[in-house]
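Novice: Each chain, written out:
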Amino acid sequence: MTPMIEIDEVTKYFGTKLVLDRVSLTVNRHEVVCLIGASGSGKSTLLRCVNRLVAHDYGTIRLDGVPVDDPRFGKTGLQKRAGIVFQSYNLFPHMTVLENITLAPRRVHGVSRAEATARAQEVLARFGMDGFAQAYPEQLSGGQQQRVAIARALMTKPDVLLLDEITAALDPELVGEVLAIIRGLKDAGMTMMIVTHEMGFARDCADRVAFLSDGMILEEGPPDRIFGAPEQPRTRAFLDRIIASGRL
Amino acid sequence: MTTAHPAKAGGQDPARRGPPPPPPKRGFDWRAAALPTAIGLASFISVFGGLALYVTSAEQWPRIKLQFFNLDAMIAAFPRVLQGFWVNIQVWLTVLVCILVWALVLAIVRSLRAPWFAPFRLMVVIYIDIFRGVPVLLLVLLFGFGIPALNLPGLPNSGLFWGSVAMVLSYAAYVAEIYRSGIDAVHEGQRAAAKSLGLSEWQTLRYAILPQALRNVVPALMNIVVALQKDVALLSVIGVRDAVREAQIYTASTFNYSSLIVAAGLFLLATIPMARLADYLTRRDRMRRLQIAA
Ligand SMILES: Nc1ncnc2c1ncn2[C@@H]1O[C@H](COP(=O)(O)OP(=O)(O)OP(=O)(O)O)[C@@H](O)[C@H]1O
Ligand SMILES: [Mg+2]
Chain V
1 MTPMIEIDEV TKYFGTKLVL DRVSLTVNRH EVVCLIGASG SGKSTLLRCV NRLVAHDYGT
61 IRLDGVPVDD PRFGKTGLQK RAGIVFQSYN LFPHMTVLEN ITLAPRRVHG VSRAEATARA
121 QEVLARFGMD GFAQAYPEQL SGGQQQRVAI ARALMTKPDV LLLDEITAAL DPELVGEVLA
181 IIRGLKDAGM TMMIVTHEMG FARDCADRVA FLSDGMILEE GPPDRIFGAP EQPRTRAFLD
241 RIIASGRL
Chain Y
1 MTTAHPAKAG GQDPARRGPP PPPPKRGFDW RAAALPTAIG LASFISVFGG LALYVTSAEQ
61 WPRIKLQFFN LDAMIAAFPR VLQGFWVNIQ VWLTVLVCIL VWALVLAIVR SLRAPWFAPF
121 RLMVVIYIDI FRGVPVLLLV LLFGFGIPAL NLPGLPNSGL FWGSVAMVLS YAAYVAEIYR
181 SGIDAVHEGQ RAAAKSLGLS EWQTLRYAIL PQALRNVVPA LMNIVVALQK DVALLSVIGV
241 RDAVREAQIY TASTFNYSSL IVAAGLFLLA TIPMARLADY LTRRDRMRRL QIAA
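Going down the list, the sequences are from chains V and Y. All the letters of the first sequence, read from the start, carry residue numbers 1 to 248 under UniProt numbering. All the letters of the second sequence, read from the start, carry residue numbers 1 to 294 under UniProt numbering.
Warning: the hint list may mix true and false statements.
Claimed, not checked - Simulated pairs of lysine-lysine, DSS-like, Cα-Cα distance not exceeding 27 Å: (1) V:K157 x V:K75; (2) V:K186 x V:K157; (3) Y:K195 x Y:K65; (4) Y:K195 x V:K17; (5) Y:K195 x V:K186; (6) V:K75 x Y:K195; (7) V:K157 x Y:K195; (8) V:K80 x V:K186; (9) V:K80 x V:K17; (10) Y:K195 x V:K80.
Claimed, not checked - Label-pair ranges, simulated between beta-carbon atoms: (11) V:D57 x Y:T282: 44 to 50 Å; (12) Y:P119 x V:Q121: 43 to 49 Å; (13) Y:G154 x V:A135: 52 to 58 Å; (14) V:Q121 x Y:R31: 57 to 63 Å; (15) Y:P119 x V:A168: 39 to 45 Å; (16) V:G189 x Y:P115: 55 to 61 Å; (17) Y:R206 x V:N28: 36 to 42 Å; (18) V:A229 x Y:P119: 55 to 61 Å; (19) V:A125 x Y:P119: 46 to 52 Å; (20) Y:P119 x V:A169: 51 to 57 Å.
Stated by the list, open to error - Cβ-to-Cβ under 7 Å is the rule here; a few derived chain V residues that face chain Y: (21) L25; (22) T76; (23) I84.
Quick caveat, the hints were computed from the structure, so don't treat them as lab data. As the structure is a computational prediction, the values presented were derived from the model and not from experiment. Even glycine gets a Cβ: it sits at the ideal position worked out from N, Cα and C.
Bound conformation, chain V alone (with noise of 0.2 Å):
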């Protein structure tokens, strides 16, 4: 089991807040990871340090062993090798399907027209969305434009998938299709840290759970024990609320 994010005594502040206080957590390659936890709890400030669209203050992180600051990523290596997704799609609305994925292989990274488009049929039709590729945004339905947008950060291969609460803003009935391209990912064997409210799907998708709270991780283990017999008093209250909720 070799390590691929190793988050070690990791602190950061927003202004005087602290959000994460000195959080410690590694994911081994091709290991499912999800994170859970309250609103505001500092769930995405965590992922979002993974890939460096937030600096944390202290400590360190480690993709494959490379400290993510760490000036042989150079300007766009993290963001190749860590894709991230988020709650609310954000996809370029000024953009067409084939358009938004194909943007930062060709701007970015180099890759010809011909080459990137191939690889953006590939990816698409993957996902069932072959077809979509003229089309924009705004037409499509919730569950089609998340599909796009991870269809998107997988441009790039990368090793790490990073995905933020990705069906909170789906219709219900939606939530299925693109949990299920999770779970095709999850077997393909990509390493993926998942912040989610479908306690469901944590339960029978990832190998480890942790549980956050104001900013520090205060429980973590394998599903069936962090759901089944939780040993922190705060994740138990957490679970029944959920519970209470009727989520899980």
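With chain V held as given, fit chain Y with the ligands onto it using these hints.
Specialist: Okay, now just chain Y with the ligands, sitting in the frame of chain V:
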């Protein structure tokens, strides 16, 4: 025409028969509009008719009418005023292009967030504050009379040129702020997405932010375009022979003011279609937003 739908127990039977056709689109209903139209017309006529009666009843009206609405004088002045108006159009288009480009540069510099750009950002802020704070007319006078008088070697010496520069500098300050509001209105998630894909700050602006921002500000820009078309006439104060200037020259030589009415007519002819277009674009933009929000 409403017919009752007998619902079966447990819901409708979709195969029963087709749904009723969509209701016919209601056109403009003249009968419903007749009364309000009549009232509107009546009040319009009574207000302006009353005003017209009042004005024309003035003792001096026949003389004023001869001086301002003299058809012969209008016809005589028309060629020269039109020629001047052609200058307005040329200046307007040239200045407009310069404003749109220069303002874009200002807005881009102001929106770059890299620490390296901080001094440039500050300079843009100061620039905008200064040029928005001084009346355009004053700038036109200062530039149009002041700079040619300096006789700077290697620089053009015409009032037209420097007056136009003053217009560009002043208007660009406003337009830069319009651009900036458009840039700020683009959702933060778009920047996050672009950055996470490895786009540099410039690429993020170029490919992700600006196309959306520019689309957002088209209606606001249209209003600037209309305002600028009229403000080009300010150049007449430094002697540029635009429509207003030509009309004044005619007035000075004949003591007849009908040429001014001709100039006013030409401006209306040019601005009214643009104002309608601006309205149309604004409406279309609102519809688009509503659709996206729905
Ligand atoms: N850019 C920012 N500037 C200032 N404060 C921020 C910023 N981003 C997040 N925060 C704050 O940091 C804390 C953690 O935010 P974060 O988004 O990581 O939480 P989260 O666990 O993802 O919550 P949620 O489930 O609501 O998405 C919150 O209190 C939030 O208000
Ligand atoms: Mg979050």
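Novice: Next step is simple, just say for each hint if it's right about the structure.
Specialist: Results for each hint:
Our distance criterion of 27 Å between C-alpha atoms is met by V:K157 and V:K75, whose separation comes to about 17 Å. For a cut-off of 27 Å, the pair hint linking V:K186 to V:K157 stands: about 14 Å separates their Cα positions. A C-alpha spacing of about 67 Å is found between Y:K195 and Y:K65, which places the hinted pair above 27 Å, so the restraint is violated. A distance of roughly 24 Å separates the Cα atoms of Y:K195 and V:K17; the hinted pair therefore holds under the 27 Å criterion.
Only pairs whose Cα atoms come within 27 Å are accepted, and Y:K195 paired with V:K186 is accepted, the gap being roughly 25 Å. The hinted pair formed by V:K75 and Y:K195 meets the criterion: a straight-line CA distance of about 11 Å does not exceed 27 Å. The hinted pair formed by V:K157 and Y:K195 meets the criterion: a straight-line CA distance of about 17 Å does not exceed 27 Å. At roughly 19 Å between alpha-carbon atoms, V:K80 and V:K186 fall within 27 Å of each other, so this suggested pair holds.
For the hint pairing V:K80 with V:K17, the CA-to-CA distance comes to about 31 Å; that exceeds 27 Å, so the pair is violated. Restraint check: the Cα-Cα separation between Y:K195 and V:K80 comes to about 11 Å, which is no more than 27 Å; the hinted pair holds. The hinted window of 44 to 50 Å between V:D57 and Y:T282 holds, with their beta carbons roughly 46 Å apart. Here the CB-CB span from Y:P119 to V:Q121 is close to 47 Å, well matched to the stated 43 to 49 Å.
Between Y:G154 and V:A135 the beta carbons are some 55 Å apart, a value that agrees with the proposed interval 52 to 58 Å. Distance hint check for V:Q121 and Y:R31: the Cβ-Cβ separation is about 58 Å, which falls inside the suggested range of 57 to 63 Å. One distance hint, 39 to 45 Å for the beta-carbon pair Y:P119 and V:A168, holds here, with the actual separation near 42 Å. A hinted range of 55 to 61 Å is violated for the C-beta pair V:G189 and Y:P115, which are about 40 Å apart.
One distance hint, 36 to 42 Å for the beta-carbon pair Y:R206 and V:N28, holds here, with the actual separation near 39 Å. Restraint check, V:A229 to Y:P119: a C-beta distance of roughly 59 Å satisfies the suggested window 55 to 61 Å. Hint check: V:A125 to Y:P119, Cβ distance near 50 Å, so the stated range 46 to 52 Å holds. In this structure the hint that Y:P119 and V:A169 lie 51 to 57 Å apart at CB is violated, the actual value being about 40 Å.
The beta carbon of V:L25 is not positioned within 7 Å of any beta carbon in chain Y (closest approach about 20 Å), and the interface hint is therefore violated. This hint holds: V:T76 has a C-beta 4 Å from the nearest C-beta of chain Y, less than the 7 Å allowed. Proximity of V:I84 to chain Y holds as hinted, the smallest CB-CB distance being about 5 Å (cut-off 7 Å).
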